[in-house]
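Protein chains in written order, with this note's numbering: chain A, 17 to 351; chain B, 7 to 327.
Note that these hints are calculated values from the structure, not bench results.
Because the structure is a prediction, the values reported are computed rather than measured.
Using N, Cα and C, we set each Cβ at its ideal position, and we do this for glycine too.
Possibly wrong hints are sitting among the right ones.
[Stated by the list, open to error] So the derived list for chain A, only partly shown, Cβ under 7 Å to chain B, looks like this:
| id | residue |
| --- | --- |
| 1 | Gly-55 |
| 2 | Ala-88 |
| 3 | Gly-91 |
| 4 | Ala-92 |
| 5 | Gly-100 |
| 6 | Gly-114 |
| 7 | Asp-118 |
| 8 | Met-130 |
| 9 | Phe-131 |
| 10 | Ala-135 |
| 11 | Pro-266 |
| 12 | Thr-269 |
| 13 | Thr-271 |
[Stated by the list, open to error] Pairs of lysine-lysine, PhoX-like flavour, derived with a Cα cap of 25 Å:
| id | chain 1 | residue 1 | chain 2 | residue 2 |
| --- | --- | --- | --- | --- |
| 14 | A | Lys-134 | B | Lys-85 |
| 15 | B | Lys-317 | B | Lys-241 |
| 16 | B | Lys-16 | B | Lys-317 |
| 17 | A | Lys-134 | B | Lys-37 |
| 18 | A | Lys-134 | B | Lys-241 |
Here is how the chains run, residue by residue.
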Amino acid sequence: MSKKSFRQAINEALAQEMRRDPTVIVMGEDNAGGMGAPGEDDAWGGVLGVTKGLMPEFGRERVLDTPISESAFIGAAVGAAATGLRPVAELMFVDFLGVCFDQIFNQAGKFKYMFGGKAVTPVVIRTMYGAGFRAASQHSQCLYPIFTHIPGLKVVIPSSPYEAKGLMIQAIRDDDPVIFLEHKVMYDDEEEVPDEPYTIPFGEANLTREGEDVTIVAFGRMVNFSNEVADKLAKDGISCTVVDPRTTSPLDTDTILECVEETGRLVVVDEASPRCNMATDISALVAQEAFGALKAPIKMVTPPHTPVPFSPQLEDLYIPSPEKIEAAVRAVAGE
Amino acid sequence: MQLSREDLLKAYRDMRTIREFEDRVHDEFAKGGIPGFVHLYAGEEASGVGVCMNLDDRDKIASTHRGHGHCIAKGCDAKGMMKEIYGKRDGLCGGKGGSMHIADLSRGMMGANGIVGGGPPLVCGAALSAQTLKTGGVAVAFVGDGGSNQGTTLESYNLARVWNLPVVFVVEDNGYAETTASAWSVGGSQKKRAEAFGMPGLEVDGHDFFAVYEAARQATEWARGGDGPSLIHVKLDRHYGHFEGDAMTYRAEGEVEKLRAESDALNIFRAKVCQAHLLEANQLDEIDAEVKTLIDEAVAESEAAPPPGEKDLLTDVYVSY
Chain A
17 MSKKSFRQAI NEALAQEMRR DPTVIVMGED NAGGMGAPGE DDAWGGVLGV
67 TKGLMPEFGR ERVLDTPISE SAFIGAAVGA AATGLRPVAE LMFVDFLGVC
117 FDQIFNQAGK FKYMFGGKAV TPVVIRTMYG AGFRAASQHS QCLYPIFTHI
167 PGLKVVIPSS PYEAKGLMIQ AIRDDDPVIF LEHKVMYDDE EEVPDEPYTI
217 PFGEANLTRE GEDVTIVAFG RMVNFSNEVA DKLAKDGISC TVVDPRTTSP
267 LDTDTILECV EETGRLVVVD EASPRCNMAT DISALVAQEA FGALKAPIKM
317 VTPPHTPVPF SPQLEDLYIP SPEKIEAAVR AVAGE
Chain B
7 MQLSREDLLK AYRDMRTIRE FEDRVHDEFA KGGIPGFVHL YAGEEASGVG
57 VCMNLDDRDK IASTHRGHGH CIAKGCDAKG MMKEIYGKRD GLCGGKGGSM
107 HIADLSRGMM GANGIVGGGP PLVCGAALSA QTLKTGGVAV AFVGDGGSNQ
157 GTTLESYNLA RVWNLPVVFV VEDNGYAETT ASAWSVGGSQ KKRAEAFGMP
207 GLEVDGHDFF AVYEAARQAT EWARGGDGPS LIHVKLDRHY GHFEGDAMTY
257 RAEGEVEKLR AESDALNIFR AKVCQAHLLE ANQLDEIDAE VKTLIDEAVA
307 ESEAAPPPGE KDLLTDVYVS Y
């Protein structure tokens, strides 16, 4: 056990799995960096350094730099997964989904079903998401609801370094295609993380806080904001359960419903755009399955239905903040 | 490599099987027995068979929406294919894929593909697996003239070159992307496109099995020998429309009749091997009769086969969930 950043936790998961299983490879733009250039090898380790150090240990054959050509290399990762490798491909920003989506949703996500169950496609696509970096509209989206919509894909959103390591090792060992979303603002977050490999199963929510009055369901970075709010409101006599589903597909609907049955109040916090996102999905689930338990209308805390703005002042207004979450919790608690 | 008598018989049998299969699907579709969309490969047999005669169990192919011929050429079971096209439970994909998604990974057939240009990136991955796992295998991407214009295809040319992958890109140019002539829709030439990406581009007459076979022999030899990717531009014709039900009003009057009479790949093969006394006409007639029986049985068994049941709807989405 030692203190590790979100970035280090994922890097360690990749390195440990590559040592364990020679069929695990990583690929992406500048995943080592410096390919064909006159200077330093392993110059970058990915744009935010997550794969730094893998190339010196595992070589260029297993740490592949790619041209800026997402359709080809994401598709190649899918094709390699269907023919014996376990590739972990990096889609640098999830916003770049637009240029390679076919290979993910029409190919990887459908092989098993279309081929009568006979295909296995154990590919992991790591991708960076989220607002807060002043990166503007084309480098700040969440987009995980789009993946969640597709049968055949699994979708993972770790909320801390500990979660990231265990979920990444699970993702690599999993035999289905997995989309693994890393919030760009969280890479330097630190916590105690075991040194040895471990897995966290998909579809099992984690209760980061347990309380009696209000259930907050949140994803990724929003789990941290929700924990902060829960700790603050506990001092004011409002006790909250915070549910981190960890994966949006599969989704641990049982735990969400159990928590709502206990508290009778629900706030869903989702950084994704508000139409057809996880907040609407979970609200619909609870309205259908646990309506009788509700003591107050459900509240959704989301950004507005706009692209992510550039100006720091506007972006701060855009992101669901702890203050907005607190206001929603107070409202459903009847304050 | 000199083709043996057995090789020639196999090549003819595969081409005849494709022709009989497709002609029969054409007839049965018209009668209303087959659901969905089907795109037939009749007329293009020499390409799929000429290429796949150079492949073995280590090798992978990815196909197109016009995939029946590639399946048969790579060794997929014709009866399982027919049942799949009929949407039956015993079909090659349990009735869940249909004509546009027939696959048999155990034969190295990574799927027909409903997305034009969907296959080339996947083939780069299959070639990467072969390279990383050192299987000695090669991977072949079939695309049409339409698919040759997709970004996925052009990106794959580049990726295969820069990763030096054992890939062969086979552009089957049947003259039409749906109704649109390739003479209009393709900028530049396929061969020069290949050369621009730093790989050899070969051009062959796709009505001539021997020409395709020889080009693919060269291309697979380069790939297996570590020389990386290459492209074969195969010029051929389709006997039917883009899909079944296409009235083909965009084609010239008499065009199909002329090519059936003058440039039919099976007739050309038959004439060549008989004139050179490599095979006897009666041997080929025997194969014709055997193939006809096989396809008759395939249709009869497909019609009689049970459809999938309600429980099959929910299975095979995930390995675990």
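Status of each hint after checking the structure:
The beta carbon of Gly-55 (chain A) comes no nearer than 19 Å to any beta carbon in chain B, farther than 7 Å, and the hint placing it at the interface is violated. For Ala-88 (chain A), the shortest C-beta to C-beta distance to chain B is roughly 4 Å, which falls under 7 Å, so the interface hint holds. A hinted interface residue such as Gly-91 (chain A) counts as satisfied when its beta carbon comes closer than 7 Å to some beta carbon of chain B; here the least separation is about 2 Å, so the hint holds. Here the hint on Ala-92 (chain A) is kept, as its CB sits about 4 Å from the closest CB of chain B, short of 7 Å.
Look at Gly-100 (chain A): its Cβ gets to within about 5 Å of chain B, closer than 7 Å, so that hint holds up. Below 7 Å, beta-carbon pairs count as interface contacts, and Gly-114 (chain A) has none with chain B, the closest being about 12 Å; its hint is therefore violated. Of the supplied interface hints, the one on Asp-118 (chain A) holds, with its beta-carbon coming within about 6 Å of a beta-carbon of chain B, less than 7 Å. About 4 Å separates the beta-carbon of Met-130 (chain A) from the nearest beta-carbon of chain B, less than 7 Å, and the hint is met.
Taking 7 Å as the C-beta contact cut-off toward chain B, the hint placing Phe-131 (chain A) at the interface holds, the least distance being around 4 Å. The closest approach between the C-beta of Ala-135 (chain A) and any C-beta of chain B is roughly 6 Å, which is under the 7 Å cut-off, so the hint is satisfied. The criterion of a C-beta within 7 Å of any C-beta in chain B is met by Pro-266 (chain A), whose closest approach is roughly 5 Å, and the hint holds. At a threshold of 7 Å, the smallest CB-CB gap from Thr-269 (chain A) to chain B is about 12 Å, leaving the interface hint violated.
Against a cut-off of 7 Å between C-beta atoms, the interface hint on Thr-271 (chain A) is violated, since the closest Cβ of chain B lies about 16 Å away. The straight-line distance between the Cα atoms of Lys-134 (chain A) and Lys-85 (chain B) is roughly 18 Å, inside the 25 Å bound, and the hint therefore holds. Taking the CA atoms of Lys-317 (chain B) and Lys-241 (chain B), the gap is about 45 Å. The hint is violated against a cut of 25 Å. Between Lys-16 (chain B) and Lys-317 (chain B) the CA atoms are separated by roughly 40 Å; this puts the pair beyond 25 Å, and the hint is violated.
For a cut-off of 25 Å, the pair hint linking Lys-134 (chain A) to Lys-37 (chain B) is broken: about 31 Å separates their Cα positions. Simply put, Lys-134 (chain A) and Lys-241 (chain B) have alpha-carbon atoms about 34 Å apart, too far for the 25 Å limit, and the pair is violated.
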